[in-house]
Each structure stands twice: as structure tokens, then as C-alpha cells.
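Here the sequence shown is numbered in this note's numbering, starting from 267 and rising by one per residue.
It should be emphasised that the hints constitute simulated quantities derived from the structure, not laboratory data.
Values in this document were obtained by computation on a predicted structure and should not be read as measured data.
Some clues are possibly wrong.
Unchecked claim - With a cut-off of at most 30 Å between alpha-carbon atoms, the simulated DSBU-like pairs for lysine-lysine come out as follows:
no.	residue 1	residue 2
1	696	789
2	754	594
3	789	636
4	410	472
5	309	299
6	327	350
7	589	676
8	636	662
9	754	789
10	488	439
11	357	299
12	786	766
13	488	662
14	766	589
15	376	357
16	676	496
17	676	503
18	299	285
19	453	425
20	766	754
21	594	503
22	496	594
23	676	696
24	496	589
25	710	722
26	501	488
27	766	503
28	676	754
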Amino acid sequence: MDVSAFADENFNPVEWINKMYTSAPPAETEKNKEQFQLSLLKKLQVYTHQVSNALEDSSQKVLQHLPQVFRDAEQLNQEALLLKEKMHSVKEELANAEQNTGHSMAALEKIDQLKTNLQAAKQALHEVDNWTILVTQFEENFEKSDLSAMASKLVSMQKSLRILATAPDVEAKQLQLEGLKNRLEAKASPSLVQAFTTGSLGESKKLVDVFNSIERLPQLLKYHHKCQEKNLYQKLKELAEQEQDESADECLRRVYDATLASWAEQARWCSEVFPDTPCLNILLPLFADLLVALEPSISSCIGSALSHEDCIAALTDLRQVTKGFGAKLNLAVDGMMQDCTLDADMILALAQAVNAPWVIGVQRYGELEKPRLLAVISQTESLTLEDRVQMFGQTKVIDLTSAAVSRCMKLTDGCGAAGLLHAIEAFTEKYISIQIQTLEELLKEKSENEDWTLFKMCLSMLQSSGELMVQLEELDNLISNNLRQLLKHVSAPSTSAAEKFDELLLTPDGRSNLHLLMDKAYKGDIRCNISTVYEISVVRGSFIGSASEKWNKPVLNSAQNGS
Numbered sequence: 267m268d269v270s271a272f273a274d275e276n277f278n279p280v281e282w283i284n285k286m287y288t289s290a291p292p293a294e295t296e297k298n299k300e301q302f303q304l305s306l307l308k309k310l311q312v313y314t315h316q317v318s319n320a321l322e323d324s325s326q327k328v329l330q331h332l333p334q335v336f337r338d339a340e341q342l343n344q345e346a347l348l349l350k351e352k353m354h355s356v357k358e359e360l361a362n363a364e365q366n367t368g369h370s371m372a373a374l375e376k377i378d379q380l381k382t383n384l385q386a387a388k389q390a391l392h393e394v395d396n397w398t399i400l401v402t403q404f405e406e407n408f409e410k411s412d413l414s415a416m417a418s419k420l421v422s423m424q425k426s427l428r429i430l431a432t433a434p435d436v437e438a439k440q441l442q443l444e445g446l447k448n449r450l451e452a453k454a455s456p457s458l459v460q461a462f463t464t465g466s467l468g469e470s471k472k473l474v475d476v477f478n479s480i481e482r483l484p485q486l487l488k489y490h491h492k493c494q495e496k497n498l499y500q501k502l503k504e505l506a507e508q509e510q511d512e513s514a515d516e517c518l519r520r521v522y523d524a525t526l527a528s529w530a531e532q533a534r535w536c537s538e539v540f541p542d543t544p545c546l547n548i549l550l551p552l553f554a555d556l557l558v559a560l561e562p563s564i565s566s567c568i569g570s571a572l573s574h575e576d577c578i579a580a581l582t583d584l585r586q587v588t589k590g591f592g593a594k595l596n597l598a599v600d601g602m603m604q605d606c607t608l609d610a611d612m613i614l615a616l617a618q619a620v621n622a623p624w625v626i627g628v629q630r631y632g633e634l635e636k637p638r639l640l641a642v643i644s645q646t647e648s649l650t651l652e653d654r655v656q657m658f659g660q661t662k663v664i665d666l667t668s669a670a671v672s673r674c675m676k677l678t679d680g681c682g683a684a685g686l687l688h689a690i691e692a693f694t695e696k697y698i699s700i701q702i703q704t705l706e707e708l709l710k711e712k713s714e715n716e717d718w719t720l721f722k723m724c725l726s727m728l729q730s731s732g733e734l735m736v737q738l739e740e741l742d743n744l745i746s747n748n749l750r751q752l753l754k755h756v757s758a759p760s761t762s763a764a765e766k767f768d769e770l771l772l773t774p775d776g777r778s779n780l781h782l783l784m785d786k787a788y789k790g791d792i793r794c795n796i797s798t799v800y801e802i803s804v805v806r807g808s809f810i811g812s813a814s815e816k817w818n819k820p821v822l823n824s825a826q827n828g829s
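Take the sequences, apply the hints, and build the full model.
Written out as C-alpha cells, the structure is:
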């Protein structure tokens, strides 16, 4: 029988009885419902009796224990009062002891301070004597050129100087110590140069320990930088200037491959000799300065491409070689950046050094592209009038200029946009001037007699001039889109320093001009050859008017006769 329901605040007797009835075995409920209810009632009476007996027993036990609880509480109260009195007594004793011994404690503290001062003075006197001894020993070892012993004495002097920090002549001793360090550094210079030049691992480690112990490691790194830069420069310069029967492409690859090999060799060497200094902090400035020093040799190699008939194509091939070298160098740098954090300026300086030989080429891009474009149109000046008209009908300005835009992107990564615009403007002005000249010659050719050949040429020129204006508008859109894409690339936070082409390939003035063009493109203000387009539109309109006066009526008559 489940009696847990009696504890529920919302107990319902009827529901409980029905539940008991439904949960009982069918054999008991089907015989006699009244008998089942009497049985259930008897069970409840028995359970009630048991609960009453249990409550009575618990009450008797509580009543029996109450006197003992009262006695324990009283005893606990008395003990608490006694503890309070004892604590008060101890507090008074502590106050009396503090009052009686305060002067004695102050005297003891004063004596202890005097003892400390005396010990410090004794130590200072000892260090003063020791300083003189160390200086003498340093001079003896200096005569013997014993670098390790000299460094050991200087380390001891550094410790003494820390102890003598409050001495009146500490500044003089500091100057004296720096002077001795300078002498050691000068003494070690020949050994440093020899060790770094020959790549002696053992001797280099020994010298690193010496300079590290006297807190002159930055000076040692400067020695290493100068020495390695000189050695690598001489090696790569000779490699670049070798007289060999090879192309500029092969020459450039040879120099770049040797530079990458030198990087890998220096990385291994520096990791062993300078274990506590991140290798990239050494290699990035070293190779940035090395590539800057090699710029004349690399520029000479690149400049040989100018003698090619298609110099832009040759330069573009060499540019791809440089970009490939830069990509490999970036991979090498990225592989060493796992355990160190670098200043972005160091990576930018290396990237600028890689691209430095191309800065002048980017500045002169317009000078290279302009003759190439003008050569296409200049040959038409010697053609007959009919051939010229046919040429205008076949030549697509948008194809020629689109190819120029593509060449600019490949060679200068868009940074030669200013020169490209000048070249395209010169080309289109020349193209339009010849077209206008041809239109004017056609007007002079008109006569009183019908000339269907001349009429067809006029129609062809009108169509060509109309197509030209449409193509120039397409050219504006093409250049603007490229400039907007370049602006998006160089301005994106995710663009690495090695891909910020505007900072790598342009001077400050050139960068300012490029950004001005990109801003104009972003705002939709790039417009090529507005004046020449307007000029050809005026001439085209006057040509149509003049031609109409001449051919309109005869053409209509001929058309009627033909019908």
C-alpha cells in the first residue's frame, strides 16, 4: 500500500482510494468490492496505530533527554565565560609586555641596522680592493691576449660595480669598465673577422660567449653583419659579373639561386652560433643590405634586356624570375617565424631590397610602352588613302591597348599605371590625328561626279570613328577596373608586406601619383583622351554634314533608278 500520497498538500481521498482499487489485482476487486474496502480500511487502521506508537516512543525519548541537554548547555555557557576572561587577561599581558619592551626592541632594530651598514661597508671596502686587483689582472691578461680571462675579470668587475652602486665614484668606475670593454672588443676584432670569414664554428661560439658575458652581444652582431655582408657581396658580385655566354635570364637565376643557398647556409650557422638570438633578426637585415649592395650588378643584368627587340617581353620574363626568387625567400622566412615575432618593417625592408632593381624600370615603363604602341600606327602614315581607310576598319584600338594594360600588369603589377596612361594617350592621340587627317582628305576628294569607291571609304571611316569612341570608353572601364583591383589589394589588411607593390616598386612621389590615380578610379573619374574624342566627334559631325550635301541627292536618285 502506497502511503506517500498522504504527505501531499493536495491529497484527495477519493482519488487515492480509486487508485488503490485500480492498482489491486483483479481477483481481489471482482469478488466483493465491500470486502476490498474493509480490508483497505483495516490496513489504514493498523498503519495509523503504528504511527501513533512511533510518535509516542519518540516523545518519551525526547522528554527523557531534555534535562541532560539543559545541563550541557549550561556547562558550555560557563566555559565560554571562562575563555573570555582568559583572553582578556592575555590581551592585558601583551599590552604590558609591549609597553615594557618597546624601547628595547627599538634599540635592537637600531643595532641590527648598524650591523647591516657595517657589513655593507666592509663588503664595499673589499670590492674596492678587489676592483684594483681585477684591473691589474685584466691588464696582465690583455698583454697575453687571453680573451676568456679578460672577459672573466670584466664579469667580476660588473658584479663589483653592482655592489658599489651607492659609492661616490661609481660613475668613474662605470666609465673605466666601459673603457676596458672597448679595449677587449678592439683586441678581439681580428679574431672575430677571421672566425666569421672562415666560418669557424668553434671559434665563433667562443667569441659569442665572451661578448655575451660582458654584455656586448649587440656589438658582436654588428661585426657579424658587416663581415658576412662583405663576404657574401664579394661572392655574389663576382657571380653576377662573370663573363659567360648566357642570357640575362640565366644570369639572374644564377645570382638568385646563390643568394638562396647563402640564406640556407647562414640560417644553419646562426642557429648554432647564436642560439639565444632569433635567426631572422640577424638574417633579414643582413640580406636586405646585401641585396641593396648588389642592386647595381642585378640592375646591369636586367638592363641587358633593353637591347632585345621586344624589350618589354624580355623584361617581363626577368621580372617573373625576380618574383619567383621573392616567393622562395618569403617561404624561407615564413618557415622560421614559428617561434619569434618580427617587426613588419624588417620584412618590408627585405622585400624592398628584392624589388629595388625594378624601381627605375617601373618609372620608365611609359617610355618603353609608348614607342611600341606608336610603332603600330606610325607605319600607316605612308599608306595610300584607300589602304589607310582599310587599316582603320581592321585595327581594333581596344585590342592594342588591352594588350598594353596586360603587359603593364605583368611587368609592374599595376604600379606603372601612370606611364601606361601617358603611353596610351600618346597612342590614341596619334591614332585619332591620323584618322582625322584621313577624314579631311576624304572631304577634299569629293567631286561633282558620283564616286562609289569614295563613298564606301567615307562610310567605312564613319563606322571606324564611331567604333573608336566606343572602344575608348571600354578602355576607360578596363583601366579603372584594374586600378580599383590594385587599390583593393594593397589596402587589404591581409596583404603581406612582400605583396604591397606600391611600397616595393615606387618612389614616394610615384606612390603618391599612383594612389591619386587609384582614388580617381575608385570614384569613377578616370577618363582617357576626352579632348581628342571630342575633336573627332566634331570632325565626324562636320564630315557627315558635308558628305550629306554631296551624296544625299545622288544616292537617292541612284537608289530610285535601281528600284
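So, going through the hints one by one against the coordinates:
no.: 1; hint: 696 x 789; verdict: 28 Å, holds
no.: 2; hint: 754 x 594; verdict: 25 Å, holds
no.: 3; hint: 789 x 636; verdict: 27 Å, holds
no.: 4; hint: 410 x 472; verdict: 17 Å, holds
no.: 5; hint: 309 x 299; verdict: 15 Å, holds
no.: 6; hint: 327 x 350; verdict: 35 Å, violated
no.: 7; hint: 589 x 676; verdict: 11 Å, holds
no.: 8; hint: 636 x 662; verdict: 17 Å, holds
no.: 9; hint: 754 x 789; verdict: 13 Å, holds
no.: 10; hint: 488 x 439; verdict: 26 Å, holds
no.: 11; hint: 357 x 299; verdict: 82 Å, violated
no.: 12; hint: 786 x 766; verdict: 20 Å, holds
no.: 13; hint: 488 x 662; verdict: 60 Å, violated
no.: 14; hint: 766 x 589; verdict: 13 Å, holds
no.: 15; hint: 376 x 357; verdict: 27 Å, holds
no.: 16; hint: 676 x 496; verdict: 34 Å, violated
no.: 17; hint: 676 x 503; verdict: 28 Å, holds
no.: 18; hint: 299 x 285; verdict: 14 Å, holds
no.: 19; hint: 453 x 425; verdict: 23 Å, holds
no.: 20; hint: 766 x 754; verdict: 11 Å, holds
no.: 21; hint: 594 x 503; verdict: 21 Å, holds
no.: 22; hint: 496 x 594; verdict: 23 Å, holds
no.: 23; hint: 676 x 696; verdict: 25 Å, holds
no.: 24; hint: 496 x 589; verdict: 25 Å, holds
no.: 25; hint: 710 x 722; verdict: 15 Å, holds
no.: 26; hint: 501 x 488; verdict: 20 Å, holds
no.: 27; hint: 766 x 503; verdict: 28 Å, holds
no.: 28; hint: 676 x 754; verdict: 18 Å, holds
Going through the hint list in order, the structure does not satisfy hints 6, 11, 13 and 16.
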